[in-house]
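Chains as they are written, first to last, in my numbering: chain A, 155 to 490; chain S, 155 to 490.
These are computed hints drawn from the structure, not numbers from a lab.
Okay, derived cross-link-like pairs now, PhoX-like style, lysine-lysine, Cα gap no bigger than 25 Å in a straight line:
id, chain 1, residue 1, chain 2, residue 2
1, S, K230, S, K475
2, A, K294, S, K294
3, A, K297, S, K297
Note that this is a predicted model, so its numbers are computed, not measured.
Number of protein chains: 2
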Amino acid sequence: MNPTIALEEIYAPIESAIQAIPDVTLGILATPNPLAQEVIQYFFSEQGKLLRPALTLFGAEIVRQNKGPGAVSPDKSNLMRLAAAFEIFHAATLVHDDIVDSAYLRRNLPTVNVRWGPQIAVLVGDYLHVRAVEAFFETKSEKIAARFMETAGAVCDGEIRELREKYNLNLTQADYFDILGKKTASLLSCCIEAGAILAEGSPEEAGALGRYGRYFGLAFQIVDDCLDFTGEEHEFGKTLGADYTAGVLTLPLIRLLEIARPRDRETVIAAFKSNKELSKFQMILELIREYQTVPYALAQARAFSAKARAELSLFSDSPAKRSLDRLLDYVLERNR
Amino acid sequence: MNPTIALEEIYAPIESAIQAIPDVTLGILATPNPLAQEVIQYFFSEQGKLLRPALTLFGAEIVRQNKGPGAVSPDKSNLMRLAAAFEIFHAATLVHDDIVDSAYLRRNLPTVNVRWGPQIAVLVGDYLHVRAVEAFFETKSEKIAARFMETAGAVCDGEIRELREKYNLNLTQADYFDILGKKTASLLSCCIEAGAILAEGSPEEAGALGRYGRYFGLAFQIVDDCLDFTGEEHEFGKTLGADYTAGVLTLPLIRLLEIARPRDRETVIAAFKSNKELSKFQMILELIREYQTVPYALAQARAFSAKARAELSLFSDSPAKRSLDRLLDYVLERNR
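Work the whole structure out from these sequences, hints included.
Below is the structure:
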């Protein structure tokens with residue numbers, strides 16, 4: 155099933171800017187190093203959803219539209235660089251994550267780790283990281299740079315935490331949400347808030363958008379974690395069951411362990427401990443269906459989505475506001 | 155053999171500051187994440203030579219002493235943070251390098267990669283990187299931050315280049331020096347120049363020290379590469395033959411390939427292509443001894459050391475200047 159809402163439509167108010175992001179990204183990353191260039195071209199040959207730069211552009215746009223007619227737009231090239239920097243930082247984390255998770259597919263392509271090996275993946279990830287940081291620095295906004303650094307620290311922290319909790323069958327929902335908040339939501343929150351700061355939004359505007367991004371991020375990651383169980387691989391563009399195989403507990407499984415009858419719980423635990431077998435994954439899938447824990451998780455995602463929506467009430471009606479509103483529906487309906 | 159020059163003596167003019175670096179470093183890296191904290195404590199439990207923070211402190215000190223009596227010192231805590239940031243950035247590259255090189259030992263301890271696996275090594279390296287960058291930002295010097303970013307990019311570039319050239323038996327000395335300049339010398343140059351900038355040295359002073367750092371770095375890395383063949387493992391603190399085993403060609407081997415008789419050259423090439431066997435390493439060592447390519451490489455190191463020394467002529471005599479002078483001898487004599 156395709157989502158009923160197309161991302162292209164949602165992006166309409168920032169259409170020309172978002173279309174230019176891939177070129178700006180490659181411009182920032184240009185290097186005379188042929189191997190680095192090859193890996194970068196490969197990685198960015200399949201664009202993702204560009205959610206992070208889109209949030210940055212929307213953050214700037216909703217603030218501009220909220221100021222009413224005559225509002226001055228932020229410097230265009232600075233805004234584009236900022237938006238691209240988030241995409242590059244995100245790419246850096248993906249390239250490193252795919253080593254950490256031993257993932258095979260990313261955007262329907264073999265991961266850098268699979269194609270070039272972990273050494274190149276480590277170093278190219280580092281290079282992307284350096285270039286992203288440099289681009290943040292070049293916005294000349296101390297506030298944005300500081301906000302980004304804090305976020306980058308939180309992302310690492312969340313990822314290390316996630317790794318540490320692998321195979322921890324006692325992981326609670328609170329632990330899970332703490333990890334999600336750090337590894338995913340913190341960055342999405344930073345993206346939109348930084349856009350608002352660059353457009354000289356008030357602290358209230360930036361704060362509301364930062365919270366929007368945080369709730370949006372939590373909803374987004376819960377849905378992502380559900381897709382690991384229920385997605386269609388060719389649409390999702392990632393290996394299914396990747397979290398499960400890597401020993402990462404996500405909400406559908408945490409909930410299953412909470413509510414399953416003792417015998418089923420034992421089955422899950424035994425399967426999880428020998429989780430390299432595909433047949434075991436099928437068994438887990440059946441239990442997840444029986445106990446309806448994906449709908450349970452999606453209900454939590456909907457609740458966060460509603461909280462995100464409430465943060466938009468500060469803003470007067472505008473195309474950007476409507477897009478940010480619809481983005482919340484998209485995230486719940488998406489299948490990739 | 156122990157070096158005749160002790161690093162402690164050379165560090166005397168910056169003694170109290172360099173002794174405080176480990177604590178400042180751990181302070182910057184403090185995190186409530188228990189696993190990250192554990193890895194960080196482990197990694198920094200064995201201090202390295204603290205060369206990078208020492209160069210930063212000397213850069214500031216030689217500039218201060220050059221200004222003569224009454225010169226104002228740079229803000230102490232800012233200088234310490236800057237010096238520690240270089241050590242942290244260096245640590246980040248080491249943790250990632252040890253994944254790339256599959257090295258077993260670092261500072262006489264099993265590497266993070268060996269002890270915790272590549273996943274943790276990737277993420278903790280990223281965390282160190284983020285914290286280092288943050289500390290550079292906090293110096294509030296745009297010049298230093300920009301200089302650092304440029305350097306961090308060069309370091310990645312050099313490392314990717316080195317990886318790409320593995321097993322390239324046609325690697326020239328020019329290629330080798332280009333890689334060294336980027337992966338090692340650029341950072342050492344940045345360390346001392348940043349110290350000079352923070353102490354408000356003139357562009358001439360900062361420039362001369364930057365060049366000192368660059369030549370120093372080239373000499374340092376050549377010696378390091380020689381120690382990979384001739385060092386004593388327990389003194390060197392790293393696995394011997396690590397470059398060789400990883401397929402990295404360094405000066406003694408490049409020179410050997412240049413000058414060896416055809417039959418010996420074939421032996422080297424055949425051995426290098428099946429370089430996992432220790433007996434082959436012994437054979438290479440014998441040829442390196444026969445053709446005297448380590449003394450050849452060390453002569454190049456001495457030449458760079460002399461160039462570095464010449465850059466100090468801009469400065470009036472002072473304890474810091476004498477230390478920077480002696481550091482050049484130390485580097486040539488060191489065995490770890």
